[in-house]
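Peer 1: The residues making up each chain are set out below.
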Amino acid sequence: MSGVDYLAPASVADAVSALRASAGSARLMAGGTDLLVQMRGGRAKPEVVIDLKRIPGLMGIRGEGGGFVIGAATSGAALGEHEALKAAWPGVIEAANLIGSTQVQGRASLGGNLCNASPAADGVPALIAAGAVCIIEGPAGAREVQVEKVQAGPGKTTLAADEILLAFRLPPRPARSSDAYLRLIPRTEMDIAVVGVGVSLTLDAGGVCNAARVSVGAVAPTCLLVEAAGVALVGTTLDDAALAKMEAAVSAACRPISDKRGTAEYRTKVACVLARRAALIAKDRANA
Amino acid sequence: MSDGNQGGVNLKVVGQRPIRPDGVDKVTGRAQFGADFHLPGMLTGRIKRSPHAHARVVSIDTRAAEKLPGVKAIVTSADFDAGAAGEVEAGESHAAMKEVAANCLAHGKVLYQGHAVAAVAATQPEIAAEALDLIEVTYEVLPHVIDVEAAMAADAPVLHDDMYTKGVTPKPGKASNVAAKHVMGRGDVAAAFKAAGVIVEGSYETAAVHQGYIEPHACVASWGADGQSTIWCSSQGQFLVRAMVAKILNMPLSDIKVIPAEIGGGFGGKTTVYLEPVALALSRKCGRPVKIVMSREEVFLASGPTSGAVMDVRLAATKDGKITGAEMTLKYQAGAFQGSPVNLGLMTAFACYDVESLALTGYDVVSNRPKVAAYRAPGAPMAAFAVESAIDDLALKLGMDPIDLRLLNAVRDGAKTVYGATVRCCALVETLEAIKASPHYQTPVGKGQARGVAAGFWFNVGGESSAAVHVDEDGGVTVVSSNPDIGGSRASMAMMAAERLGLPIERVRCTVADTTSIGYSGSTGGSRVTFATGMAVVEAAQKIVADLKRRAAQTWECDIAMVEWKDGVATCIDPAKDVKPLSMKAIAGKSAKTGGPIAAEVSLNAQGAAAGFGVHVCDLEIDPETGRTTVVRYTAAQDVGRAIHPAYVEGQLQGGAAQGIGWALNEEYVYGKSGLLENASFLDYRMPVASDLPMIDTILIETKPNPRHPFGAKGVGEVPIVPPLAAVSNAVSRIVGRRMTSLPMSPAKVLAEMAK
Chain A
44 MSGVDYLAPA SVADAVSALR ASAGSARLMA GGTDLLVQMR GGRAKPEVVI
94 DLKRIPGLMG IRGEGGGFVI GAATSGAALG EHEALKAAWP GVIEAANLIG
144 STQVQGRASL GGNLCNASPA ADGVPALIAA GAVCIIEGPA GAREVQVEKV
194 QAGPGKTTLA ADEILLAFRL PPRPARSSDA YLRLIPRTEM DIAVVGVGVS
244 LTLDAGGVCN AARVSVGAVA PTCLLVEAAG VALVGTTLDD AALAKMEAAV
294 SAACRPISDK RGTAEYRTKV ACVLARRAAL IAKDRANA
Chain B
6 MSDGNQGGVN LKVVGQRPIR PDGVDKVTGR AQFGADFHLP GMLTGRIKRS
56 PHAHARVVSI DTRAAEKLPG VKAIVTSADF DAGAAGEVEA GESHAAMKEV
106 AANCLAHGKV LYQGHAVAAV AATQPEIAAE ALDLIEVTYE VLPHVIDVEA
156 AMAADAPVLH DDMYTKGVTP KPGKASNVAA KHVMGRGDVA AAFKAAGVIV
206 EGSYETAAVH QGYIEPHACV ASWGADGQST IWCSSQGQFL VRAMVAKILN
256 MPLSDIKVIP AEIGGGFGGK TTVYLEPVAL ALSRKCGRPV KIVMSREEVF
306 LASGPTSGAV MDVRLAATKD GKITGAEMTL KYQAGAFQGS PVNLGLMTAF
356 ACYDVESLAL TGYDVVSNRP KVAAYRAPGA PMAAFAVESA IDDLALKLGM
406 DPIDLRLLNA VRDGAKTVYG ATVRCCALVE TLEAIKASPH YQTPVGKGQA
456 RGVAAGFWFN VGGESSAAVH VDEDGGVTVV SSNPDIGGSR ASMAMMAAER
506 LGLPIERVRC TVADTTSIGY SGSTGGSRVT FATGMAVVEA AQKIVADLKR
556 RAAQTWECDI AMVEWKDGVA TCIDPAKDVK PLSMKAIAGK SAKTGGPIAA
606 EVSLNAQGAA AGFGVHVCDL EIDPETGRTT VVRYTAAQDV GRAIHPAYVE
656 GQLQGGAAQG IGWALNEEYV YGKSGLLENA SFLDYRMPVA SDLPMIDTIL
706 IETKPNPRHP FGAKGVGEVP IVPPLAAVSN AVSRIVGRRM TSLPMSPAKV
756 LAEMAK
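From first to last, the protein sequence lines are chains A and B.
Count along the first sequence from 1, then add 43; that gives the number in my numbering.
Count along the second sequence from 1, then add 5; that gives the number in my numbering.
Hints should not be assumed to be uniformly reliable.
Some but not every residue of chain B turned toward chain A, in silico, with C-beta under 10 Å [unchecked claim]:
(1) P26
(2) S300
(3) D325
(4) R633
(5) T634
(6) T635
(7) R691
(8) P693
(9) V694
(10) E758
(11) A760
Hint data in this document are derived by calculation from the structure and do not stem from the laboratory.
Where a beta carbon is used, it is the ideal one built from N, C-alpha and C, also for glycine.
Please construct the entire structure, taking both the sequences and the accompanying hints into account.
Peer 2: See below:
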């Protein structure tokens with residue numbers, strides 16, 4: 044009879060050594076809202092589950108260097124209640140808060156959302172647009188890497204087998220900056236993105252965009268940073284011509300599949316629509 | 006049989022809205038559903054299912070699994086008694102038991118992905134799961150066919166080589182997937198079309214949709230050493246489960262006791278068996294109780310959805326809108342075994358309208374999908390989608406208001422239905438007029454929005470039911486119902502008994518009895534329980550009143566004609582007698598002296614069920630850039646006879662509308678090229694969630710109480726799922742600017758139509 048060992052290490056070092064000792068048979072768990080469902084459905088069959096929530100720093104939000112550090116296992120509910128974080132990064136928070144139901148929000152985390160590596164993850168495009176950086180720990184010590192470098196394909200990440208994602212670093216926010224995340228689902232909640240788009244931008248005193256990042260989800264094997272889409276907005280007031288150029292860049296970047304959740308053609312069209320809408324929301328927020 | 010016994014005036018309990026008797030248990034989690042039951046020594050059963058859409062089972066090797074410690078029994082179809090044959094009444098249809106058995110455990114061939122091939126019982130769920138992996142099934146994969154028209158093609162892979170289309174003469178020369186052809190009609194349709202001032206026509210399709218009950222199928226079965234067995238399960242009919250299990254395992258009915266659990270939704274989908282005979286066969290093999298609970302994935306893969314359909318409809322009408330003739334062809338998916346509700350589709354399609362000439366043809370078609378099960382007004386919503394779309398086309402073509410057009414054609418009392426019945430106590434006209442006068446319809450359509458209207462019909466049935474009324478020693482009352490409470494029937498049974506007995510509702514409790522504790526009853530289905538079982542309850546209550554009067558007369562030594570029963574008290578109206586009134590409590594407390602316990606049981610075959618009609622109106626908007634539809638306002642009106650508990654009746658209207666809206670917008674079975682279901686989960690099978698819908702307003706039409714029911718009740722549960730498909734699609738079609746002919750109208754499909 045097969046059983047599953049449950050470990051809840053109290054330090055990063057213990058977690059890393061447990062991970063090494065398991066020789067590939069362990070799965071890390073943050074909120075467990077993906078992992079436990081996969082285990083119940085027989086899609087994941089780990090011999091060891093390593094719960095990260097008791098490691099100091101994995102749960103919680105702290106200010107650092109003018110920005111924020113978010114513990115990888117911090118729940119969506121906790122993120123949604125952090126007023127300063129919400130004011131600085133409304134797009135990241137609205138994305139995190141879209142994951143699952145109210146009950147799931149008590150557990151679901153951005154770290155889990157990223158490492159589950161679904162191309163349709165709601166949290167990831169918003170983090171990529173925000174320019175968030177992952178703080179990763181392994182046997183060789185800590186390293187930092189941009190969020191867009193972490194997903195490698197459906198269910199796959201670039202983290203080494205013995206590395207652990209500890210936290211996200213969100214950069215300091217210049218004045219007149221904001222972000223937004225939009226997704227298309229046929230229903231109003233309890234659903235998975237057919238397309239998701241995050242946009243983060245900064246305006247100058249004259250209302251001209253001087254920095255912008257656009258990221259799309261569910262239109263490729265990983266969530267994508269569409270650099271050309273951001274570039275299309277920079278130096279503009281997000282006028283129609285700039286938005287059209289951004290949409291063209293998004294369209295060019297999309298390489299979706301057709302599946303039960305939507306056709307490739309539909310996803311590409313809607314990615315452009317949502318990118319435009321998200322950019323305008325981010326602009327309004329930046330001006331507010 | 007009750008007749009004309011209408012208590013329309015001075016009702017004290019009927020028509021009120023007491024708190025539901027099962028409510029507290031359900032909201033606190035105390036209610037015992039199918040999966041909540043445990044017995045000492047109980048084993049976990051699991052089902053091994055086909056990974057293929059269509060394959061011959063070459064061999065099943067259970068040797069390795071049997072050797073796994075903790076495995077106590079393994080069964081295959083060889084453990085069912087081959088003699089299983091004959092038919093069993095199953096809600097709104099009859100079920101051929103040989104096929105029900107072959108659906109529970111495949112015999113020779115697997116006919117759809119998820120088709121059960123073997124089952125195991127083990128001491129732990131993990132061991133059972135491991136044992137499933139150790140059962141080796143060798144398949145010879147066969148070509149498959151999923152869609153109904155592909156299955157009808159001459160070169161389609163044939164599922165059953167002994168299936169020759171019924172209803173065609175001469176008998177076809179070769180087997181096919183068309184189980185039966187049904188033809189219905191009257192009048193001279195060709196002449197109607199020849200003389201028509203206007204003709205509209207269209208082809209429509211709907212996807213297979215699942216009932217979506219929250220509670221997966223679950224049961225515990227325990228075989229006794231002497232063969233006497235007990236099954237605990239949630240179903241829509243404990244007697245139905247008993248009958249089916251007895252046939253499949255070749256047992257006498259009296260050796261099986263089925264105890265109904267609380268049911269977490271059924272909508273028709275729990276009017277058959279999947280697990281119970283398997284669990285009992287496992288228990289028979291090892292002598293221990295066995296519990297089997299389906300996962301949600303199993304529910305989607307292997308329990309009944311309702312048919313997807315392909316339909317053609319053509320209407321002939323005069324220039325002023327009178328429909329004179331109609332032609333319709335329905336092709337319904339039956340799933341892996343025959344028995345789609347296509348005949349019910351034909352019967353209901355034009356039931357709202359007085360059409361002189363009709364030519365209706367239906368095909369019952371098998372394909373490599375799970376066998377369909379009843380779903381709320383089985384067969385009617387799809388046919389209504391096609392007909393109500395065509396009528397909307399007619400309204401547009403004639404520039405007529407859609408309600409006025411329907412009023413012009415509506416059936417009235419005395420009209421003949423295509424299946425031969427005469428329409429009686431029908432309030433369709435009043436229901437249409439109520440919608441027309443409603444605040445919703447009177448409000449102009451909002452900017453960027455559109456409005457759709459549609460009507461719907463359902464027969465509602467009566468049938469066999471039993472009920473008992475027991476007067477407790479303290480003067481309270483227990484009502485014993487024979488039907489699982491799926492839509493609030495415990496409340497309505499208690500209310501009708503309280504009304505007849507003259508007691509406050511708080512003094513009457515209602516329970517649902519097992520198969521050994523009450524007389525036989527048909528299933529909870531066909532919108533029959535409040536009507537038929539309610540009639541048995543009221544007749545039992547009347548017997549109690551008669552008995553109470555007799556006892557009072559005996560006590561007072563007066564003529565029984567001198568005893569009046571009112572408000573739960575016996576009064577002597579003989580002026581010669583100076584006696585104090587006797588309350589229920591007083592009579593019950595001394596029942597030993599007047600003849601013993603006070604109880605009555607009534608079994609009957611209720612006749613005189615009245616059909617129901619519904620009219621729905623839907624306002625919605627569509628995001629023109631994403632094709633996403635939002636329903637912004639929705640009103641459902643229905644001819645309900647008399648509402649026993651109006652809040653429950655309103656809940657039925659709202660629930661039916663919600664399911665119909667889901668059917669219209671997003672729900673569908675999605676199959677890949679290999680014939681495998683791609684969305685066997687609530688995540689990807691998109692039923693509406695609460696936030697998807699506006700508050701659904703309701704209008705109860707009570708102008709025509711059913712004279713054949715003691716309080717005038719008509720069935721109400723099924724009608725409300727019939728109109729929504731077309732009510733939604735008629736509105737979507739207005740915005741898109743062309744007729745939407747294919748459900749579901751998912752965002753991608755709507756956007757593509759808008760771009761045309």
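Peer 1: State for each hint whether it applies.
Peer 2: Taking the hints in turn, this is what the structure says about them:
Annotation: interface hint on P26 of chain B violated; nearest CB of chain A at approximately 28 Å, more than 10 Å. Using the Cβ-Cβ criterion of 10 Å, the hint placing S300 of chain B at the interface with chain A is satisfied: the shortest such distance is roughly 8 Å. At about 41 Å, the closest approach between the beta carbon of D325 of chain B and any beta carbon in chain A exceeds 10 Å, and the interface hint on this residue is violated. Taking 10 Å as the C-beta contact cut-off toward chain A, the hint placing R633 of chain B at the interface holds, the least distance being around 7 Å.
A cut of 10 Å between beta carbons decides the hint on T634 of chain B: the least distance to chain A is about 9 Å, and the hint holds. Because the beta carbon of T635 of chain B sits about 8 Å from the nearest beta carbon in chain A, less than 10 Å, this interface hint is met. Below 10 Å, beta-carbon pairs count as interface contacts, and R691 of chain B has one with chain A at about 5 Å; its hint therefore holds. A least Cβ separation of about 7 Å between P693 of chain B and chain A falls short of the 10 Å threshold, and the interface hint therefore holds.
Because the beta carbon of V694 of chain B sits about 5 Å from the nearest beta carbon in chain A, less than 10 Å, this interface hint is met. The criterion of a C-beta within 10 Å of any C-beta in chain A is not met by E758 of chain B, whose closest approach is roughly 12 Å, and the hint is violated. Given hint, A760 of chain B at the interface with chain A, holds; its Cβ is 9 Å from that chain's nearest Cβ, closer than 10 Å.
Taken one by one, the earlier hints fail for this structure at numbers 1, 3 and 10, listed in ascending order.
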